[in-house]
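Protein chains: 2
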Amino acid sequence: MSNGFMARAIELSLENVRSGKGGPFATVIVKHGKIIAEGSNEVTSVNDPTAHGEIVAIREACRRLRTFQLSDCEIYTTCEPCPMCLGAIYWTRCARVYFANTIEDAAKIGFSDAFIYDEIRRPVTRRQLPMIPLMREEAQQAFRAWQEKRDRIPY
Amino acid sequence: MSNGFMARAIELSLENVRSGKGGPFATVIVKHGKIIAEGSNEVTSVNDPTAHGEIVAIREACRRLRTFQLSDCEIYTTCEPCPMCLGAIYWTRCARVYFANTIEDAAKIGFSDAFIYDEIRRPVTRRQLPMIPLMREEAQQAFRAWQEKRDRIPY
Chain A
14 MSNGFMARAI
24 ELSLENVRSG
34 KGGPFATVIV
44 KHGKIIAEGS
54 NEVTSVNDPT
64 AHGEIVAIRE
74 ACRRLRTFQL
84 SDCEIYTTCE
94 PCPMCLGAIY
104 WTRCARVYFA
114 NTIEDAAKIG
124 FSDAFIYDEI
134 RRPVTRRQLP
144 MIPLMREEAQ
154 QAFRAWQEKR
164 DRIPY
Chain B
14 MSNGFMARAI
24 ELSLENVRSG
34 KGGPFATVIV
44 KHGKIIAEGS
54 NEVTSVNDPT
64 AHGEIVAIRE
74 ACRRLRTFQL
84 SDCEIYTTCE
94 PCPMCLGAIY
104 WTRCARVYFA
114 NTIEDAAKIG
124 FSDAFIYDEI
134 RRPVTRRQLP
144 MIPLMREEAQ
154 QAFRAWQEKR
164 DRIPY
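Residue numbers (our numbering), protein chains in the order written: chain A, 14 to 168; chain B, 14 to 168.
These are computed hints drawn from the structure, not numbers from a lab.
One or more hints might be untrue.
To be verified - From the derived model, a few chain B residues whose C-beta atoms are all more than 12 Å from chain A:
id	residue
1	Ala20
2	Lys44
3	His45
4	Lys47
5	Ile48
6	Glu51
Unchecked claim - Quick list of in silico lysine-lysine cross-link-like pairs, DSSO-like style, CA-CA up to 27 Å:
id	chain 1	residue 1	chain 2	residue 2
7	B	Lys121	B	Lys34
8	B	Lys121	A	Lys162
9	A	Lys47	A	Lys34
10	A	Lys34	B	Lys162
11	A	Lys34	A	Lys121
12	B	Lys34	A	Lys162
13	B	Lys34	B	Lys47
14	B	Lys162	A	Lys121
Treat the numbers as computed from the prediction; the structure is a model and nothing was measured.
Heads up, the beta-carbon is just placed ideally off N, CA and C, and yes, glycines get one too.
Isolated chain A (complex conformation) (with noise of 0.2 Å):
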């Protein structure tokens, strides 16, 4: 099935290959039928790790809203995200995902999504990644001031 918005999606993957701003990727934002935000992969230009199309995207789409969920909002991405862009977007509170290229298929040409999964998916302790845990009892000072802070704005 064809959509205009993930044609959209799609263009801009390709520009960004054509340009050299970054990886073959892109994502678009909508709320109640209109485009609100677009981005494209952005790590190796702007020297950002973070700079994902899911993530510039929902960055533009927050500035744009002044706000920091997307509640009524639909995400059209030409990959499905990896596992920080699929964390940040549950932190959105998005309404649902369309996706084109699978993790396999990005896998297939270099990407370490994948292997990220794999990861995740692992206890702490089992992970390629050292984690160390640290200090966990001065850490929970922060955690009871923040219970405690009456005017606290939760996320």
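Chain A is fixed; fit chain B onto it per the hints.
Okay, now just chain B, sitting in the frame of chain A:
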């Protein structure tokens, strides 16, 4: 065991609650024994759902070092990273992560990290967030263009 870098991150997380800038989380990035970047959670004050302490610190470290990878760096973060931040940490190729509070601690004070981990560990079709495949054939164009691009910069 006490550690000066983690103590600094905890101090930042406490300051962050007191100032009302965001959630009770902060991160410090260290290279060759020196702090090169600090970040506190700014989600609600900056209107950016991706502005967790880790992401803020990673972007700052990369900006300073003019690179999109943090190969020889260590990340000290006051709470076990959420899936978004853990994904970002993998993309940085950093050496190791030290964390204080756990995902379970964060869940106890109302944060969604544990829920998002549960979701990400499920197959696409069994998540609460609808994820719908669309136009994969057309999106493959950008992947082919990427593979054919001689001067592409992998990341």
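Hint check:
1. Ala20: violated, 7 Å
2. Lys44: holds, 15 Å
3. His45: holds, 17 Å
4. Lys47: holds, 18 Å
5. Ile48: Ile48 of chain B is indeed farther than 12 Å from all Cβ atoms of chain A, at 16 Å.
6. Glu51: holds, 15 Å
7. B:Lys121 to B:Lys34: holds, 21 Å
8. B:Lys121 to A:Lys162: This hinted pair holds, its Cα atoms lying about 15 Å apart.
9. A:Lys47 to A:Lys34: holds, 25 Å
10. A:Lys34 to B:Lys162: With a Cα-Cα distance of about 12 Å, the restraint between Lys34 of chain A and Lys162 of chain B holds, given a limit of 27 Å.
11. A:Lys34 to A:Lys121: Since the Cα atoms of Lys34 of chain A and Lys121 of chain A sit roughly 21 Å apart, the hinted pair holds (cutoff 27 Å).
12. B:Lys34 to A:Lys162: Measuring from Cα to Cα gives roughly 12 Å; hence the hint holds.
13. B:Lys34 to B:Lys47: It holds: about 25 Å lies between the C-alpha atoms, which stays within 27 Å.
14. B:Lys162 to A:Lys121: holds, 15 Å
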